[in-house]
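K.L.:
Sequence:
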Amino acid sequence: LSAEFVAAFAGRIMNIHPALLPAFGGKGMYGERVHRAVLASGARESGCTVHFVTAEPDGGPIITRATVPVEPQDTPATLAARVAREEHRLYPLAVRWFAEGRFRLEGDRVAILSPEGAAFASEPR
Numbered sequence: 001l002s003a004e005f006v007a008a009f010a011g012r013i014m015n016i017h018p019a020l021l022p023a024f025g026g027k028g029m030y031g032e033r034v035h036r037a038v039l040a041s042g043a044r045e046s047g048c049t050v051h052f053v054t055a056e057p058d059g060g061p062i063i064t065r066a067t068v069p070v071e072p073q074d075t076p077a078t079l080a081a082r083v084a085r086e087e088h089r090l091y092p093l094a095v096r097w098f099a100e101g102r103f104r105l106e107g108d109r110v111a112i113l114s115p116e117g118a119a120f121a122s123e124p125r
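Going by UniProt numbering, the first residue of the sequence shown is number 1, and it counts up by one from there.
These are calculated hints, taken from the structure and not from any lab test. Values in this document were obtained by computation on a predicted structure and should not be read as measured data. Treat each hint with caution, since some may be false.
Distance windows between CB atoms, simulated [what the hints assert, rightly or not]:
(1) A111 x P22: 31 to 37 Å
(2) A10 x T75: 35 to 41 Å
(3) R12 x R33: 34 to 40 Å
(4) R85 x Y30: 16 to 22 Å
(5) R33 x H88: 17 to 23 Å
(6) P92 x P69: 20 to 26 Å
(7) A111 x T75: 37 to 43 Å
Just so you know, even glycine gets a beta-carbon here, dropped at the ideal spot from N, CA and C.
Using the sequences provided together with the hints, build the complete structure.
P.N.:
Here you go:
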């Protein structure tokens, strides 16, 4: 996406990344590369992250994440399959929350609104 497009729709474009951002993100980190990097790092867990899109690849405010264990016998393919199951659960949930107005962008943070209206802010990046 062009910088102009992203700026025009700031706070309205979401993406899902197959790792726990900010680790294992950025330019060139997609697909099997992500899972290979996670395994090479020795991380004990991985997962997926839903975030707002900004001009910086994978650098937007985090909306929500889900974790999965990294198993000793994992390959990039087995880890990717486990992460994909969480992606298929998490992304529709984040889209629903967005449609229902259950979170809002506050600068570089996302405030999640509770049913009572109190806000819980995500950690800044």
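K.L.:
Compare the structure with each hint and give your call.
P.N.:
Taking the hints in turn, this is what the structure says about them:
Look at A111 against P22: about 19 Å separates their beta carbons, and that is not inside 31 to 37 Å. Separation of A10 from T75 is about 38 Å and conforms to the stated range, judged on CB atoms against 35 to 41 Å. In this structure, R12 and R33 break the distance hint of 34 to 40 Å, their C-beta atoms being roughly 28 Å apart. A hinted range of 16 to 22 Å holds for the C-beta pair R85 and Y30, which are about 18 Å apart.
For R33 and H88, the Cβ-Cβ distance of about 20 Å falls inside the hinted range of 17 to 23 Å, so the restraint holds. At roughly 23 Å, the beta carbons of P92 and P69 sit within the given window of 20 to 26 Å. Hint check: A111 to T75, Cβ distance near 38 Å, so the stated range 37 to 43 Å holds.
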